[in-house]
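Chain R is fixed; fit chain C onto it per the hints.
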Amino acid sequence: DAGVTQSPTHLIKTRGQHVTLRCSPISGHKSVSWYQQVLGQGPQFIFQYYEKEERGRGNFPDRFSARQFPNYSSELNVNALLLGDSALYLCASSYRDRGTGELFFGEGSRLTVL
Amino acid sequence: GENVEQHPSTLSVQEGDSAVIKCTYSDSASNYFPWYKQELGKRPQLIIDIRSNVGEKKDQRIAVTLNKTAKHFSLHITETQPEDSAVYFCAASPTNTGTASKLTFGTGTRLQVTL
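Those protein sequences? They're chains R and C, same order as listed. Our numbering puts the first residue of the first sequence at 561, with every later residue one more than the last. Our numbering puts the first residue of the second sequence at 10, with every later residue one more than the last.
In isolation and in its complexed conformation, chain R is listed as follows (with noise of 0.2 Å):
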């Protein structure tokens, strides 16, 4: 089975342009989540949604959107980008929302804002 998938791995971009980022969870979770981490730092919760709704923000600006597919892959999204926004953006995904929380990570998307 493929793990949790995201795309595209690397990708500049210049101040206040906008990025899309993709991410396809392992067959059967549900549950897919967004984390952000700085060089040197742990990763920072920033959504996580289930059957497509939106269960969880963390503190970020409303610069960040993500949305759920019906086929449980889901985009992130951020407007605006400020150089502060480079990061390694990394998936997870869970079968379910609650009782197991065992995440599952992809190998992320690498940002880096000029």
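Hints may contain errors.
Derived lysine-lysine pairs resembling DSBU-like cross-links, with alpha carbons at most 35 Å apart [stated by the list, open to error]:
#, chain 1, residue 1, chain 2, residue 2
1, R, K590, C, K67
2, C, K51, R, K590
3, R, K590, C, K77
4, R, K590, C, K66
Bear in mind the hints are in silico, worked out from the structure with no lab data behind them.
Below, chain C alone, put in the same frame as chain R:
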């Protein structure tokens, strides 16, 4: 919200020695505590986890202990090997609040196992 502190930030041990990484958390509602290993340029991978109804869990050379009263938990690696070299993250989550995927991570410990 939850705050997780992790120490030390770097740890160097000789092959065969033990390594201990410690974390504290602030939210008494947290009841799920996973540990992730992240090699350079790779995804975080779950190596062991513990729930609040258990005080200790062991998996071969890796063990985790939890003290809910003191709000701290620790990772113990015995007989370290060079392939254990990586960054280790602790995390905490309240799994019964509808946001099981909302993990709060520590800042990481870079473990270096030298020959």
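Open item on the list: When the structure is checked against the list of hints, which entries are broken? Sort them ascending.
Closed with: none
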